[in-house]
Every structure is written in structure tokens, then in C-alpha cells.
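Peer 1: Residues per chain are reported as follows:
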Amino acid sequence: MRYYIERRRGVAAYQQIVEQTKRAVRAGALKPGDRLPTAREVAETCAVNPNTTLKAYRELDRDGVVELRQGVGTFIAAAAADRSHAPAAESPLYAELAEWTGRALAAGLLEEDVRDLVELALQERQQTAAGTARSSTDKRNGGRG
Amino acid sequence: MSGSTGEAAERTALEVRGLGRQYGRRWVLRDATFRLPAGRVCGLVGPNGAGKTTMLEIVAGLREASAGEARVFGEPAGGAQARQRVAFLPQEKPLFARFTVAETLRLGHELNPRWDQELAEGFVRAGSVPLDAKVGRLSGGQRTRVALAVALGKRPDLVLLDEPLADLDPLVRRQTVAALLGEVAERGITVLLSSHLVAELDTLCDYLLLVAEGGLQLAGDVDEIISVHRTLTAPTDRIPTGPDGLPAGLEHHTVVEIHGDQRYTTALVRPGGPVGGVWEDSAPTLEEVVLAYLAQNGSAPLISPNSYVPGVGSEVVK
Chain A
1 MRYYIERRRG VAAYQQIVEQ TKRAVRAGAL KPGDRLPTAR EVAETCAVNP NTTLKAYREL
61 DRDGVVELRQ GVGTFIAAAA ADRSHAPAAE SPLYAELAEW TGRALAAGLL EEDVRDLVEL
121 ALQERQQTAA GTARSSTDKR NGGRG
Chain B
1001 MSGSTGEAAE RTALEVRGLG RQYGRRWVLR DATFRLPAGR VCGLVGPNGA GKTTMLEIVA
1061 GLREASAGEA RVFGEPAGGA QARQRVAFLP QEKPLFARFT VAETLRLGHE LNPRWDQELA
1121 EGFVRAGSVP LDAKVGRLSG GQRTRVALAV ALGKRPDLVL LDEPLADLDP LVRRQTVAAL
1181 LGEVAERGIT VLLSSHLVAE LDTLCDYLLL VAEGGLQLAG DVDEIISVHR TLTAPTDRIP
1241 TGPDGLPAGL EHHTVVEIHG DQRYTTALVR PGGPVGGVWE DSAPTLEEVV LAYLAQNGSA
1301 PLISPNSYVP GVGSEVVK
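In order, the protein sequences belong to chains A and B. So in this note's numbering, spot 77 of the first sequence is number 77, and the numbers just go up one at a time. So in this note's numbering, spot 178 of the second sequence is number 1178, and the numbers just go up one at a time.
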């Protein structure tokens, strides 16, 4: 596992470590029992403050993604396997996304634009879902009355 | 996130009460009061002349305070016990140009009873600095590494660095920071470093002190400082004017700084209620917070709970 911490993103460095770890677990790149780099290793490879790394690991521990073993290291928890979507990387959905990403970049979009588009699509989905949920609640309430 | 019992019990590396220094009639540092928990990497920022170097020198015991006091791990700064635990690296690296790197480390050995030759030599070697090279022939980055090795070789508990990164190119800066942070992880030392490189502080520091003309303006945990601020933006022509003649919608907030042009107005605030109306809000970066406090006139200092010294007053954030 190697973290890539971006500055000036408006996302705290510890959150970036949390997100990247979770993403690696979801993608199956990190498996239960895998050891995360020590705070010293992250400091020396990414120039990130060790307290930042430890804060991220504590949060991952609270979320059940990792286990902090005192004096031994930080390991991906067994329960984290449930969160893994390893097959996703081999699914046709991923192939479609990879192909679409290629087209987007070829059309001159920047990486940032691609991420924005995915975010936007997800947000619209959430709003649609929220809207459907609300209208069905309304219907139920209406039925009762 | 913070303020847990574990953090409340953190040891104090440095406690400063009412600290000030006068040069002639001019005060460069005035009534500074804060504590720095042990094991932190603390950035010290502020405009030139605000007293950053003076503060470091007082803590190192190289300069007398005109008012107040500084304590290092509970001992008065400048006393024999405090000085043993502190290493200070001034901006002009105190190295002899005609010494070789090895001779420089040897001098460190002779002068410091707690000297760790393995650490110092390892730190120099990791930067590919030849031990037999004359210091005067080294590049800026190599000199900084040797000077840092001498500082760390003293096995200090508190390291004070005055603009350690100023004259380094970005790559060497990153390597130097990485090496320093590696030592922080390994030994749990506390670092207080002054810097103008505000944009680079967010991954380097977890603690921040900001001094300006009016004295200490910000002190506390970086994540905590960011979390109590919001950046509000609105199209300038859509902002109604409030009863007091100021832009409406900001009445409930502490406005640290506000600026704008004909198109957009941006305010950095400490929210005192819900944000609404025409204002769009977002989380600020550390750089935005620092720049806002540097631009303001000293009207809204913020001392966070874990840097608060009991009994010495300033506004405390709950």
C-alpha cells in the first residue's frame, strides 16, 4: 500500500488516507491480514505527519476496517472482507467504465472533469432515490388516511 | 474528533504565558499564551517582524523575554535542564565551512553529552551526503541535512527550526520533511518550526501557531482549527445589505476576513449558527484559514482548548 496525498484539495490528509485504504479494500488490493505501512514508513515515503497517519488508522479501526495491534502493526480486519467488491474489477460494469473513461479522456476531459461527472451522476441518483422514497411515503400515508 | 480524554492527558512540551519581547520601544512579541502538547509538529507562521524568530530564541534560551515566561517540559526555558532537552536550528545554519561532514558530527559529539552518533550519521547518509566532503562545498539541501543531523543527534525532546525549508528546492524540501517526520515517528519528538511556506504546512504540521502584529492570533490542532471555520461565497450583486450596513447573512458568525470584487465576495467565518441565504459554504483549506488570519487586523484571535493555558484569558472555542 502506498498512499498518494494531494495538497490543496480541501480534504484533510488523514481523510485521504482513510478513503484510499477503504478504496483499496473494496477493490481487493488489500486483503484481511495485510499490514498497513507504519506511520514512519508513510512519513518517509509521502512526507506526511505521523500523527496524521495514526489518526487515520484510529478512524479505520473504529470503522472496523483495520485492527490496531499494539507494538505489532495495523492490519486489515477479517470483517473488512465483507466490504470488498473484488469481483467488481472483473465485471462487465468495470469494463464499460474503463472504456467510457478512455473515451472521456480522449475527448479532452481532464481527470478532474471525469471525477466530477461521476460525482454528479451519483448525486443525481441519490436525489432521484430520495424523491422516490418521499413520494412512496406520501402514498402510504395517503392510503392510511 | 478531538478533545478525547487521551488528548486531554497529553504531556505538555512547551507552555508559554504572557510572553513578550521589546526591542527599544517596539514590542515584536506581545502577551503570547499557549501550550504545545508533546509529540506534535507545530508550524509557527506570521509576517516578517511578528516575532517568530524571537519566540524560538526565547524558548531555546538564547534570548531573554521582556515579559512573561516559557517552560519546556515544565522547566524554565534557558535553564540547564531545559537546554539539554532542546535543539535549535537557526535560519543561518551554524556550520563551519572548512570542517568536513564527519568533523562536524564529531564536534556535535564533543559538545553534547547525550549525542547519538548512529542517528546523526544515519540521517546524513540517508541523504547521500559524503562524510568526507567539506561543508562549504555542499549544496543548500545537503547543508540543511547536516545541520538537522547535528540538531537531532543531540537527542532533543523539542526541536526548534527557524525557516528550515526556505532555501531548498521543492524536491529536496520534500525529502528533508520526509526524513524529519520519520524521526518524529520513531522518537516521538516535538517539533516547532517557523515557515513562510503556508501551502505545505497541512501535511507537515498537526499543530499551528500564528503570530501577527497584534500578538498570537491562532493556536491549536490543525484539524480542529479547520473544522471550526467555513468559507462562504456569494455573487456580490446578490448580497443584501444588513441593518448595520454590512453584508446580510453574516450577523451570527465571527467574520475573520472578507474580501471580494464586483463578481464574488468570499468570507472566512467561524459560524455561530446555520449558514444560509445567498451564501454557499465549503470547508476551507489550512492555507485559506492562515491567509485570512494574516490579512485581518487581529480582532478575532482563536485559542483552541488543548492549547489553552488555564487562568490566562483569550477566547476559547467550545
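I should point out that these hints are in silico values taken from the structure, not numbers from a laboratory. Do not rely on the hints blindly, as some may be mistaken.
[To be verified] Beta-carbon label-pair distances, calculated as ranges: (1) B:P1240 - A:R23: 24 to 34 Å; (2) B:E1186 - A:G28: 51 to 61 Å; (3) A:Q15 - B:G1074: 28 to 38 Å; (4) B:L1171 - A:R23: 26 to 36 Å; (5) B:R1063 - A:G28: 50 to 60 Å.
This one's a predicted model, so the numbers in the text were calculated from it and none came from an experiment. Virtual Cβ for every residue (Gly too), placed ideally from N, Cα, C.
Peer 1: Now, for every hint given, state plainly whether the structure supports it.
Peer 2: Going down the list of hints, with the structure as the test:
About 43 Å separates the C-beta atoms of P1240 (chain B) and R23 (chain A), a value inconsistent with the hinted range of 24 to 34 Å. Distance hint for E1186 (chain B) and G28 (chain A): a CB-CB separation of about 32 Å, inconsistent with the stated range 51 to 61 Å. Taking the beta carbon of each, Q15 (chain A) and G1074 (chain B) are about 35 Å apart, inside 28 to 38 Å as hinted. Between L1171 (chain B) and R23 (chain A) the C-beta distance comes to about 28 Å, which sits within the given range of 26 to 36 Å.
At roughly 58 Å, the beta-carbon separation of R1063 (chain B) and G28 (chain A) lies within the given 50 to 60 Å, and the hint holds.
Checked against the numbered hints given earlier, the structure breaks hints 1 and 2 and satisfies all the rest.
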